[in-house]
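The opening position of the sequence shown corresponds to residue 54 in this note's numbering, with each subsequent residue numbered one higher.
Because the hints were derived from the structure by calculation, they are not lab data. Virtual Cβ for every residue (Gly too), placed ideally from N, Cα, C. Warning: the hint list may mix true and false statements.
[As the list claims (entries may be wrong)] Simulated DEER-style distance windows between Cβ atoms:
(1) Thr273 with Thr126: 24 to 34 Å
(2) Ser463 with Gly491: 24 to 34 Å
(3) Gly287 with Ser509: 17 to 27 Å
(4) Leu201 with Ser463: 31 to 41 Å
(5) Gly625 with Ile397: 28 to 38 Å
(6) His560 with Pro101: 53 to 63 Å
(7) Ser561 with Thr126: 40 to 50 Å
(8) Ile633 with Ser509: 42 to 52 Å
(9) Gly103 with Ser463: 21 to 31 Å
(10) Gly562 with Gly625: 15 to 25 Å
(11) Thr445 with Ala161: 46 to 56 Å
(12) Gly246 with Gly556: 37 to 47 Å
(13) Ser509 with Ile123: 29 to 39 Å
[To be verified] Under the rule of at most 20 Å between Cα atoms (straight-line distance), these lysine to any residue pairs were calculated in the SDA-like manner:
(14) Lys517 with Ile108
(15) Lys157 with Thr126
(16) Lys351 with Leu365
(17) Lys200 with Gly158
(18) Lys464 with Tyr196
(19) Lys464 with Asp439
(20) Lys519 with Phe452
(21) Lys464 with Ser426
(22) Lys517 with Asn109
(23) Lys519 with Thr538
(24) Lys157 with Ile100
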Amino acid sequence: MEKVYLCMAKILNEFRINKFNSGLNTADSSLTMPDSDLVIAENVEFIPTGGVKSINPPLSKTVDVYVNSIKATKALGGCVFNGKKYVVYSNGTNARWMYLDTCKGITAFADAGGGYVTATSISHGLETGHVITIVSTEYSGTYTITKLTVDTYKFIHAFTVNDTGTVSNGLFKESSSNNLDPDALVECQVYDGKLWFLNGTTTSISAANCVIGFIDTSNTMTGLTTAQCGLPTGLNSIQLHLQRIVVAGLNYLYLSKVKPAANAFDWDVTTAYTGADTAGYFIIDNNTEDFIQELKMKFGMLIVYRRFSVWLLQGATVSQMFITKQTNSYTGVRAKRSVAQAGIVDYFLGNEGVKTFNGQTVKEGTTNVDTISTDTLDRKIKSIVDLFTSQTTCVGYAFRDKYYLSDIASKILVFDEVTGGWSQFTSSGAELFLEQDGLLYFAKGFQFYQINADSSGSITSAIKTKDFNAGSDVFWKTFHKMIITLVSSANASTFILDWYLSGASQHSGSQSVSLISNLSTWDSGLTWDSRDVRWDTGIIDFAQKKINKLRSGMTISFGITATGTNRFNLDGLSVLFETIRREV
């Protein structure tokens with residue numbers, strides 16, 4: 054968009070960005086992009102009207118997670134079951150099912166001497182080094198504790214009086230002491246009052262070489278071995294279809310013949326199939342050239358996502374089951390755990406990038422198959438995805454009009470279905486997502502977080518335009534005015550504005566911006582033309598007038614950063630400039 058202004062007999066042009074919702078464009082040239090694409094975003098989210106604002110950092114919901122008294126190193130899988138959040142945490146040697154529970158209350162405080170207070174909390178489950186927050190007592194505050202006994206621990210504080218108190222952090226407790234494979238991903242499915250799960254490789258539950266495990270509502274764990282069910286080790290996907298559990302591993306897809314009740318006879322390979330009520334299983338598919346990545350249900354059909362193709366399992370009854378290929382080759386799933394369902398759309402990281410698949414629709418009695426999207430959604434983030442240490446381990450999740458894709462190590466990329474924009478969440482990677490009661494959580498290492506929930510926490514949010522040359526390489530540009538419309542939030546007041554020349558990583562100029570009112574337009578009328586210009590705060594002194602000129606062939610970009618507890622809400626960015634002939 055270009056506007057003409059008459060100001061001091063000068064013809065001024067305006068370069069304006071007032072729609073930031075395309076976001077996080079790191080790959081394309083600014084010369085080929087519309088204004089709304091000229092943005093690199095970090096720790097922000099897009100507003101449907103076109104603005105952009107800081108997000109909040111993740112909120113820790115627990116004390117550090119310990120497995121068999123050793124701090125956890127990674128999360129292998131999980132889901133919501135029996136009204137609780139269940140996660141399999143591994144410490145590298147052991148892996149166990151854990152569920153999130155409240156910390157035990159404190160029934161007494163006592164003087165431990167040396168500036169310490171002893172807290173009595175029966176079967177508290179805490180370990181030395183745990184950071185807890187105590188509330189509703191004389192000793193309210195956050196402390197690093199030292200475990201004394203199974204019922205007591207101490208923390209630094211001067212003893213004043215005996216009291217009672219509450220610990221506000223959550224605590225992951227072991228559902229069972231049975232060990233799982235500490236390195237294999239765990240897939241699970243809730244059915245018939247039980248949590249069904251697969252733990253992948255060859256390490257067993259209680260050394261029984263368990264293939265399929267179960268947890269009931271009383272937290273009792275049992276499992277089926279290869280001898281009991283006839284299924285091989287190496288299973289990695291589980292799904293519910295026609296009230297039967299479907300499992301897959303490597304090239305094989307298995308369907309139980311009867312509705313399972315979590316006992317060995319439902320998977321008994323020695324029983325001959327003579328009817329729908331007979332125990333055993335079908336081998337539905339065995340594609341030796343294309344192994345299975347993930348199983349998902351959509352509109353009553355089972356979708357089998359393979360490494361290089363996508364298939365549908367069709368048929369209204371078990372005896373009618375057949376599998377049919379529905380996509381061209383090389384459109385399959387690269388990252389097993391990237392498959393996520395959002396209404397009628399499935400997202401996944403494929404061989405060509407982030408893809409969508411709508412499944413199958415039925416019209417007028419005929420079946421029409423919807424193809425996988427030919428275009429990828431990740432054009433604007435491809436350079437970031439290409440730098441992932443391992444694309445095959447990426448984790449995806451769909452939640453409230455957004456698709457979250459994590460590299461596990463350090464960042465979460467967020468696609469906004471409403472605006473079509475990508476942003477980059479860099480506070481942490483995620484090994485596992487799960488939701489409960491309309492809230493999204495993720496696990497990483499020895500921690501468990503609620504995403505985008507800590508309104509008072511510290512975070513760095515930034516948005517930066519791509520480099521642009523203001524429309525022409527031939528003329529010099531003299532910048533007269535920059536207008537940035539910001540809406541401050543309750544806990545935000547100060548931002549940093551930087552400008553960069555010709556793609557330099559270091560800024561060529563910087564200015565602190567303070568907002569006094571809730572709605573402020575920064576530099577609404579002052580110009581860069583004088584040697585001594587007072588802005589909203591501070592002074593910019595151009596020792597040489599040419600500093601506000603952009604030579605022909607050079608580009609300029611602008612960035613806004615908020616750190617700590619500051620947040621920004623940016624509505625628009627505008628630069629007024631004058632094109633002039635080259636100077637000798």
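Each hint tested on the structure:
Under the hint 24 to 34 Å, the C-beta atoms of Thr273 and Thr126, about 27 Å apart, fit the expected range. As the Cβ distance of Ser463 to Gly491 is approximately 27 Å, the hint placing it in 24 to 34 Å holds. Restraint check, Gly287 to Ser509: a C-beta distance of roughly 46 Å breaks the suggested window 17 to 27 Å. At roughly 37 Å, the beta carbons of Leu201 and Ser463 sit within the given window of 31 to 41 Å.
Roughly 35 Å separates the CB atoms of Gly625 and Ile397, a value that falls within the hinted 28 to 38 Å. At roughly 31 Å, the beta carbons of His560 and Pro101 sit outside the given window of 53 to 63 Å. Restraint check, Ser561 to Thr126: a C-beta distance of roughly 44 Å satisfies the suggested window 40 to 50 Å. Look at Ile633 against Ser509: about 49 Å separates their beta carbons, and that is inside 42 to 52 Å.
Gly103 and Ser463 have their C-beta atoms about 29 Å apart, which keeps the hinted 21 to 31 Å range intact. The hinted window of 15 to 25 Å between Gly562 and Gly625 holds, with their beta carbons roughly 20 Å apart. A hinted range of 46 to 56 Å holds for the C-beta pair Thr445 and Ala161, which are about 52 Å apart. The hint said 37 to 47 Å for the Cβ distance between Gly246 and Gly556, and at roughly 59 Å that hint is violated.
Between Ser509 and Ile123 the C-beta distance comes to about 32 Å, which sits within the given range of 29 to 39 Å. Of the supplied pair hints, the one linking Lys517 and Ile108 holds, its CA atoms being roughly 16 Å apart against a limit of 20 Å. For the suggested pair Lys157 and Thr126, the alpha carbons sit about 24 Å apart, so the restraint of at most 20 Å is broken. As the CA atoms of Lys351 and Leu365 are separated by approximately 10 Å, the hinted pair is consistent with the 20 Å bound.
Our distance criterion of 20 Å between C-alpha atoms is met by Lys200 and Gly158, whose separation comes to about 15 Å. Between Lys464 and Tyr196 the alpha-carbon distance is near 29 Å, which puts this suggested pair outside the 20 Å criterion. Pair hint Lys464 plus Asp439 holds up; C-alpha atoms about 13 Å apart against a cutoff of 20 Å. For the hint linking Lys519 to Phe452, the alpha-carbon distance of about 29 Å lies beyond 20 Å, and the restraint is violated.
For the hint linking Lys464 to Ser426, the alpha-carbon distance of about 25 Å lies beyond 20 Å, and the restraint is violated. Between Lys517 and Asn109, the direct Cα distance comes to roughly 19 Å. Compliance with the 20 Å bound is thereby established for this hinted pair. Straight-line distance between C-alpha atoms of Lys519 and Thr538 comes to about 18 Å, which keeps the hinted pair within the 20 Å bound. Straight-line distance between C-alpha atoms of Lys157 and Ile100 comes to about 41 Å, which puts the hinted pair past the 20 Å bound.
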